[in-house]
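**Student:** Sequence:
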Amino acid sequence: MKKAMPPKTPDPLTLRLVLAFLLLGAPVVCPADEGTDFFEKKIRPLLVTHCYECHSAEAKKLGGNLLLDHKEGVLKGGDTSAAIEPGKPEKSLLLTAVKYEDHGLKMPPKGKLPAVAIADLEAWIKIGAPDPRLERPKTKVASSWEEILRTRSDWWSLQRVKKSAIPTPKDASWSEQPVDRFLLAKLDEMGLAPVNPALPRTLIRRLSLVLTGLPPAPEQVDAFVEEFEAAQKSAKPQAAVEKLADSLLASPHFGERWGRHWQDVVRFSETHGNEWNYEVHHAWRYRDYLIRAFNSDLPYDKFIREHIAGDLLPPRWNQQEQINEAVIGTGFYRFGEVNHDDCISLRSIGYDLLDNQIDTLTKAFQATTVACARCHDHKLDAISTQDYYAMLGILRSSRLVSHTIDAPDTNEALIQQMVALKGEIRKELAAAWMQDAKEISRYLLAVRAKRGSRPDAAELANGLDPARLEKWVAALAVEKAPLEDPLEPWRSLVLTGAADGDTFKEHWRKLVDRYAAEEKQRKEFNQKEIVSFADFRSGETPGWQVGGQGLRSGQGKSGDFMLHVEGGALVKAILPAGTFTGATSEKLNGTLRSPVIPVGKKNISFQVMGQRSSAVRLVSNNCQLNYKNYRALISANPSPQWEWITFQPPVDGESLRTYAELMTMLDNPKFPDQLAALGGDKDNNYRLPWEKAAENPRSWFGVARVVLHDGEVPKAELSHLRPLLAASEPASLTDAAAIYANAIEAAVKSWSEDKATDDDVRWLEMLIRRELLRNQTALSPRLEEMTKQYRQIESQLAVPRIVAGIAESGSPYDQPVFVRGDCMRPGETTSRRYLEVLAKSTAPFQTPGSGRLEIAQRIASADNPLTARVMVNRVWHHLFGTGIVRTVDDFGHVGDLPSHPELLDYLAAEFVEDGWSVKRLIRRLVLTRTFQLASAPSAESREKDPQNRLLTHFPARRMLLTCLVVSGRFDEAIRVGEGSRLISRDHPETLWGLLLAYGFKGDAERTREIFDRLRPHIQPDLVQ
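Residues 7 to 1030 in our numbering are what the sequence shown spells out, letter by letter.
Worth flagging that the hints you see were computed from the coordinates, not collected in a lab. You may find that some hints are simply not true.
[What the hints assert, rightly or not] Here are the simulated DSS-like pairs of lysine-lysine, each with C-alpha atoms no more than 25 Å apart in a straight line:
#, residue 1, residue 2
1, 428, 444
2, 846, 444
3, 428, 77
4, 428, 563
5, 516, 477
6, 950, 308
7, 950, 192
8, 308, 925
9, 385, 950
10, 516, 529
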């Protein structure tokens, strides 16, 4: 038996089912589709993995005459009694056995099931134990997969779309519309006839509600009735309906309504669920993308490509918003439950996330339950386990990332103005610093005299800035400073107390020898113990991926600098060579992602600096909310310094696809940290809700290098001290002070000419950080004016626009098949490819990429037998209440057969011929006479077609949000953008305001909890 894993939170469907049971206080009647889906995803794999060995037709020895491989066997039970009582888990023997509540009956006997598996089993029984396994399996020699595939490939939905001839019904005059004729011909076969047309008042409400989700205003109803009646007397009786349909299809509310339908398909949410319910950052951008896509009638094949591989397509620029629409589509990968825990120890977390992505992708576009093949070949459909893991390899060759969607020239003109101003500021400031450098020797000697209470202390301090002198006193008073501190040689000389002359020279030589030996030792250590993984100083960063506006300029030049954007201080930091997101502005974002980290060394260390909640982390198995190997950069020091951050990658990090990522706040999916555990400060803004934390978008990081090692981090280099120690031997402290002044003056001169080296920067950085150089905006009127201009321009920079999505990893990965779905039992490797039954081959993709683009092209192909059928069926479902195939997400054997297969194929073919236009498809359907029928059924249809699958009348449906509309408080304004959430205290018309009215007192930012507090008298349609 598989080793039990620690318990985890049940998935959202489990929670919904259990919550419904608790709220209703009675056995839950679960919709057939949901119940079957739950069984296939949760219960069948559980039974196969833990029970079939002893309780199936293929068991070597049947235990207790109990068969759990078909529905009848479960209900009948074995020697004791029925295994379950649907709807009554407390009376179900199977649940008692797996809970180990009966000492004489413990199943499985080798060890108790994980808590989450028991919870799934209990939830399944509570909802009535839906089970599609209606036939008892026959014991026979297993067929090869080739034989099984050959048989299953004959299924109706896997055949090419065939555009049948339009039938001629008995009453051909009833309608010339092809759709009507297909439907009427079917009614003829059953001896049924359509009912009378709907009244015009009904028709306008129907069209308005179906197309926009909103009822028409009374004056609109009156106007339409008048136009409709006039049209009936004309040569074009459909003119009024056509005009109304076109008007509603052109309404901006159309995109809202139909985008909402698609949100349900891709399980859209603004949070990830689980205890801390992290927000899906910028989820609203995907929602707005859907509204724009449906309103603009984006061709559905392009819509598919943008969802699956929008990051790999040429940008589709929104000229008005100046954003790349194509990449936003990939946001659909990021919805659904995401656990936040240790993804290294609990590896199923990452694979559950990927399983959710596969399930959503294949159901949304192919109505195929590929996720059912995670543990074994699909029990009914033409999907093998190899198919599942081939797709898993494609997604594991991709990464979940934040995309900056702005046009390449966004902010560019302002940035160039700021860069030019920085050049002028450098010149003006360098002139002042050259003056300061000439006085360095005086400050050094004055501090020595002051600290030693020498009689000449006052004389030496005469004419020096008292405030700056105190800064020098503090800087030279540092004890146990590292050898690389530029002031440490001076401190050593002062401490010797050596007299001028030969004695002083001897101490100098000893100091030089000490530093030379130390430099040699450090260099040897670094060469022997340290392996470079990336050097951002030299640009040696093979395989690293770069994103964000703050990194558009590439590698930073030594001597670049950051400026304060408020206050009297001017320079915030002088930067060495490396990569920095905030060199121009901390408002500009950035991300860096490494190749997969190689194994062989225990540690990986990053030489970084940063502020305002930027972060560095390791990502294993694509887990975005992992708690391990994460460090936030929240330094409050106004002059940031380099630090080494060390992580220990998992020893099998290559199989976990572990990579390093550095990111600014806006790109960080774990910000704000709900546990306040990652930054080490429980009082900081890590616990703020995202929308409040993001009010100040300033965040930046810099990185010099990334190394691999077993022991200590690299030793600090001492090359910046060579010019100092290589100077002519000083005979006194006065001579040594002059050497210091010369070294600093040389560094300032190089910086003023934009020729600074990293060694020069080490000196200048120390002087700025310790406030030993003048660094005020008011140093001169010109400097003050240029600083003011710089800050004004910086304030005009637009905050980068970001969306959660997916990207290539840069190193494709072929996934091993997990034996029975157990991620700890890898088996044979499967190459990345598409589903064998559709590709007609198992040949791997010949691509250097992940394979997502290839999958997108195959799914969006007119030759794919599923794609057009599936979308046409979804549209039909939303127009008529039930799809031609009732199970819109499953065109396989577990799903329903189409009620009108020829009509479905006809519409699918027309859909493709019409350029995959969703609006044209909808228009064609709403202009049919069938759509315009009255909703009252005839007595004959009640008897012969009680479910109205043949559409003798229009199916009546519940209207959503009716309570708000009739109250007069419903706000029809189209709300897009970041502030347009579904649930908000700002708008009492929304769900949040409604729940407050019913006494909900929860935290406004933990809105997930509202669904645990609903009262029975709140109408269900208000929480859909």
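**Student:** Would you mind confirming whether the straight-line C-alpha gap from residue 428 to residue 444 stays at or under 25 Å?
**Tutor:** holds (24 Å)
**Student:** Would you check the hint for residue 308 and residue 925, treating anything up to 25 Å between C-alpha atoms as holding?
**Tutor:** The hint holds at about 15 Å.
**Student:** Would the hint linking residue 428 and residue 77 be met if the CA-CA limit is 25 Å?
**Tutor:** Violated, at roughly 75 Å.
**Student:** Take the C-alpha atoms of residue 385 and residue 950, compute the straight-line distance between them, and say whether it is at most 25 Å.
**Tutor:** Violated, at roughly 34 Å.
**Student:** Do the alpha carbons of residue 950 and residue 192 lie within 25 Å of each other, as the hint requires?
**Tutor:** Holds. Residue 950 to residue 192 sits at ~13 Å (cutoff 25 Å).
**Student:** With a cut-off of 25 Å on the C-alpha distance, tell me whether residue 516 and residue 477 pass.
**Tutor:** Violated, at roughly 29 Å.
**Student:** Can you confirm whether the C-alpha distance between residue 428 and residue 563 stays at or below 25 Å?
**Tutor:** Holds, because 14 Å separates the two Cα atoms, which is no more than 25 Å.
**Student:** Holds or violated: residue 516 and residue 529, Cα atoms, limit 25 Å.
**Tutor:** holds (20 Å)
**Student:** Does the structure keep residue 846 and residue 444 at a Cα separation of 25 Å or less?
**Tutor:** violated (79 Å)
**Student:** Do the alpha carbons of residue 950 and residue 308 lie within 25 Å of each other, as the hint requires?
**Tutor:** Given pair residue 950, residue 308 is violated - Cα atoms ~42 Å apart, limit 25 Å.
Figure legend: structure checked against the earlier numbered hints; hints not met, in rising order: 2, 3, 5, 6, 9.
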